[in-house]
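*Asks:* Modelling step: build the complete structure from the supplied sequences, incorporating the hints.
Going line by line, the protein sequences match chains L and Z.
Under my numbering, residues 595 to 684 are what the first sequence spells out, in order.
Under my numbering, residues 9 to 278 are what the second sequence spells out, in order.
Some hints could be false.
[What the hints assert, rightly or not] Each pair of labels, with its calculated beta carbon distance range: (1) 667(L) x 114(Z): 17 to 23 Å; (2) 13(Z) x 616(L): 20 to 26 Å; (3) 609(L) x 25(Z): 42 to 48 Å; (4) 175(Z) x 623(L): 31 to 37 Å; (5) 201(Z) x 628(L): 41 to 47 Å; (6) 225(Z) x 683(L): 26 to 32 Å.
FYI, nobody ran anything at the bench for these hints, they're computed from the structure.
Idealized CB from N, CA, C, for every residue including glycine.
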Amino acid sequence: MSSILQRCAVHAERPAFARCMTCAKTLCQECATQWDGIWHCASCLASRRGAIVQRSPVLSWTAVVTLSLLLLFAGARVMVWTAAVLAGMF
Amino acid sequence: MIHTPLSTTTVLDEAADVVSMTAAPWAGLLIATVLPYRFLQALFLDQLLEVGSTAAQYGNLLGGTANMIVAAILLALWGRAVYARACRLALARGTAPGREAWRVRPAALACYVLTASTAMLAGYISIFTIFGFVVPVILAGMAIGTFELNERAGVIAPFAIIFRYTKRVAIPFVLVFVFFCATIVALLNLAAAFELGKWLTGAVGGFDAPNWQRLFTAGNRRYLLILVAGALVIVEPFWIAAHVIFVRKAGAEESGDDLRTWFDELRRTA
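*Replies:* Here it is, written out as structure tokens:
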């Protein structure tokens, strides 16, 4: 698929310059915005910005942090247990 | 930078370019944050070899070191996240990244801590199987490669993103083998560098050179463990860069963005 032969999704008279990495729309130079090294269209960029500004749900954060701490704690215990078993084998 | 289709060799080639662009100061930051973790791992192994088959009676000693390793891994994970971001910015722009590399999103970092600690736990459990150990190593690589794709904190989403890239799992699998060989090569080079340093100190007065000759030998277990830790630290920037590039290239192939970039480069060179 060549973007050279395609047209901008907003301005049909203009050739495509980039592709939005979120909605895959082809975009001209005016419509394409590079943010953090990735091309976006205006609407996807706005929704992405909104998503970042919006505070992540407390429940998700609590779940991620709790699970990470549990895994790290279990990791330390399993490390010692594995080491003791391996040392006993040799 | 030439953007070529996804393959193990192109990933490794571009990783070398990205590491050279991010060497200062980002690779330095990565090494500084990873060193305590690697040295504590070496200390843990040293203690384990010291106590030998009576390890079960030294739970408090080994447990204390294991707790320190877990604390050090948090610092190492942050350093890896910053370095992975620096690699991605360097890859996108073709130049060394600036201060924006520091700005790692908290949600992405939290997801990375979750996936990396899962990989760590799976690694310790599967260490008995030797070949099964490869799977957690691949998971750890994919965790750092995909961590920036996490927009918000979640328990399932980070693993779902990693799973999306398992269609091309052959490349991370080969990367594990390549980096295993690279670690051995780095280990030999590091040992040779120590030997050279030892030999040079023999020519300079004021140093306790004969004692160094005795300490830096293959017979010294601690020296060997430090060499292995050093080799892992040397290889780590390339490992992270390779996984960031793999994820970017695989994602670009799915969206068709790689073709646009390729045509752009052809037009520029024409």
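*Asks:* Next, verify each hint and record whether it holds.
*Replies:* Quick rundown of the hints versus the structure:
no.: 1; hint: 667(L) x 114(Z): 17 to 23 Å; result: holds (21 Å)
no.: 2; hint: 13(Z) x 616(L): 20 to 26 Å; result: holds (23 Å)
no.: 3; hint: 609(L) x 25(Z): 42 to 48 Å; result: violated (30 Å)
no.: 4; hint: 175(Z) x 623(L): 31 to 37 Å; result: holds (33 Å)
no.: 5; hint: 201(Z) x 628(L): 41 to 47 Å; result: holds (42 Å)
no.: 6; hint: 225(Z) x 683(L): 26 to 32 Å; result: holds (28 Å)
Against the hints set out earlier in the document, a violation occurs for number 3 only.
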